[in-house]
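Listed in order, the protein sequences are those of chains A and B.
Per our numbering: the first sequence ends with 292, consecutive numbering throughout.
Per our numbering: the second sequence ends with 1240, consecutive numbering throughout.
Read the hints as simulated data drawn from the structure, not as lab findings.
Some clues are possibly wrong.
Partial list, computed: chain A residues near chain B (C-beta under 7 Å) [what the hints assert, rightly or not]:
#1 K166
#2 D174
#3 A177
#4 M181
#5 V183
On the chain B side, residues computed to face chain A include the following (Cβ under 8 Å) [to be verified]:
#6 R1092
#7 I1109
#8 D1112
#9 E1214
Beta carbons: idealized from backbone N, C-alpha and C, even for Gly.
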Amino acid sequence: MHDLLQQLLNGLSQGSIYALIAVGYTMIYGIIQLINFAHGDVIMVGAYVALGCALMGLGLIPSLAIAMLSCAILGVIIERVAYRRVRPVSRLAALTSAIGVSLFLEYIMMYFLGADIRTYPAGFFPERTYSIFGVTINNKDLLVLGTTLVLVIILQYIIYRTRTGKAMRAVSFDGQAAQLMGVNVNSTVAITFFIGSALAAAAGLLYGIYFNTVQPLMGLMPGLKAFIAAVLGGIGSIPGAMLGGILLGMTESLVAGFGGSMYRDAVAFIILILVLLIRPTGLLGKGVQEKV
Amino acid sequence: MGRVEPLLNLEDVNVHYGAIWALKGINLTVGEGEIVSLIGANGAGKSTTLRAISGIVKTSSGRIMYQGEDITKTPAHDIVKKGIAQVPEGRRIFANLTVMENLELGAYIRKDTKGIKQDMESVLDRFPRLRERIGQIAGTLSGGEQQMLAIGRALMTRPKLMLLDEPSMGLAPLLVKEIFSIIQEINKDGTTILLVEQNARMALQIAHRAYVLETGRIVLEGSAQELAKQEDVKKAYLGG
Ligand SMILES: Nc1ncnc2c1ncn2[C@@H]1O[C@H](COP(=O)(O)OP(=O)(O)O)[C@@H](O)[C@H]1O
Ligand SMILES: [Mg+2]
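Model the full structure from these sequences, guided by the hints.
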């Protein structure tokens, strides 16, 4: 029983990180129908920016803020430089461009910072554990859950309560109709990249602390898992991405905790295939949106 | 008497979709306060004309003048700010948003909170059924209600010129009548109307002037009354 609770808690933390990344994937897909393959690498850049801040002696929150802001700007630049002009040509062209950006970010980091695994300095986030009813709660878990919760609440607020959020939802439903309302589609797309990439940076920092690892390819696996989570939840759906992330994290953790750690990564893909066979639009997906 | 500058003036406008030559040198004017109808068969280029005015499609040549200003190259989102609203073909309401949010998006370009509130009230007075469904997801509305929402949304931009693309499409005859009388009311309240219709009979009834479009060219123009009497218009568009 304790074991189960322990695994669920671990799964919840990992799932939250997946969810933060998956939300970015799904928002960007929702607005321009592009699988942003570079999204995973933005996580990595975020982790490095935070590492740089930490090494300069900045605390956790300022580091998080700087990482988020830098990656938000990086996201906007990526969209402007690599996607905006190829998007109208074809989806395949944009996808190819995204893969190019992904490789570029990975190898530029390797070139300048090396491929060594780095970790955050010891005092950056001193670890503590608490034992409650036999379940070990690490303050890393609290950090991850707390940060995710706060960010998700802010995101919900932006999307459902602000004028910009309304414009984002309108553009993702029907870009031309949104233009007819005076919405500038290009800036709305840029804002979406800004927000999605900021969330990815936060996920990068959390991932780096949680697994004690910062390296140039660290974004690949969580990026892929988060993509699966987004598809699982129904690509384009923000609540779906969150649900998909949490479910995936929990399932992986349960599989790993009960003797299947070798199959941990395979599980994500198996779940994905099963869900897509049974419910091709994902758990909360609305299916192909009717665009008259 | 001096010549009055028309509100909208299309001069030799051409539009291509790839290899398809959709508009072949359109000349069209809309004067302040008028209802002008643009009629023609399916595929004639009516929607393309409205899309060109709204800046949704690029013109390959020609000029679009609005209030004496060249808006040919103005981006779509800025054209709305100049006072040109479009109610697009097929309504294109945001089906995933609530009725209220759809109307608020109409006011997206505006900052005058008070004016927005007033206009919201007057739209809801004009369309009481929207008031009843204000919190509902717009996708759940009936066809007629969606058309009202699309018109209401356009009114929320507070337009000088309203472009309507086949507002009667797919509606029961009674609703068609209602929609056309609403268009007349909107016009009487001071909004100029450019109306695209396949339902030529109704369109000619409420219009001051009309143009007939055939495969990308304007083949006839004149006062709506005159056009309605012409034999070839009767034969082609009024069912005898
Ligand atoms: N997006 C598009 N891509 C290619 N061709 C188009 C597109 N939209 C319209 N057309 C073509 O342009 C012509 C005019 O279309 P349209 O303006 O929609 O006509 P109408 O509104 O009078 O029915 C038609 O031949 C149509 O097939
Ligand atoms: Mg049409």
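Minimum Cβ distance from R1092(B) to chain A below 8 Å? holds (4 Å)
Hold the hint about I1109(B) up to the distance rule: shortest CB distance to chain A must be less than 8 Å. Result: holds, 4 Å to nearest chain A Cβ.
Closest C-beta approach of D174(A) to chain B relative to 7 Å, hint status: holds (6 Å)
M181(A) was flagged as interface toward chain B. Is the shortest Cβ-Cβ separation under 7 Å? holds (5 Å)
So, A177(A) near chain B? Judge it on the closest CB pair being under 7 Å. With a minimum Cβ separation of about 4 Å from chain B (threshold 7 Å), the hint on A177(A) holds.
Report holds or violated for the interface hint on E1214(B), using the least CB-CB distance to chain A and a cut-off of 8 Å. At about 25 Å, which exceeds the 8 Å cut-off, the nearest Cβ of chain A leaves the hint on E1214(B) violated.
Would the stated hint for K166(A) survive a check requiring a Cβ distance to chain B of less than 7 Å? holds (6 Å)
Chain B contact restraint on V183(A) - CB to CB distance below 7 Å: Status holds, d = 6 Å.
Taking the closest Cβ pair, is D1112(B) under 8 Å from chain A? At 14 Å from the nearest chain A Cβ, D1112(B) fails the 8 Å test, so the hint is violated.
Checked against the numbered hints above, the structure violates hints 8, 9; every other hint is satisfied.
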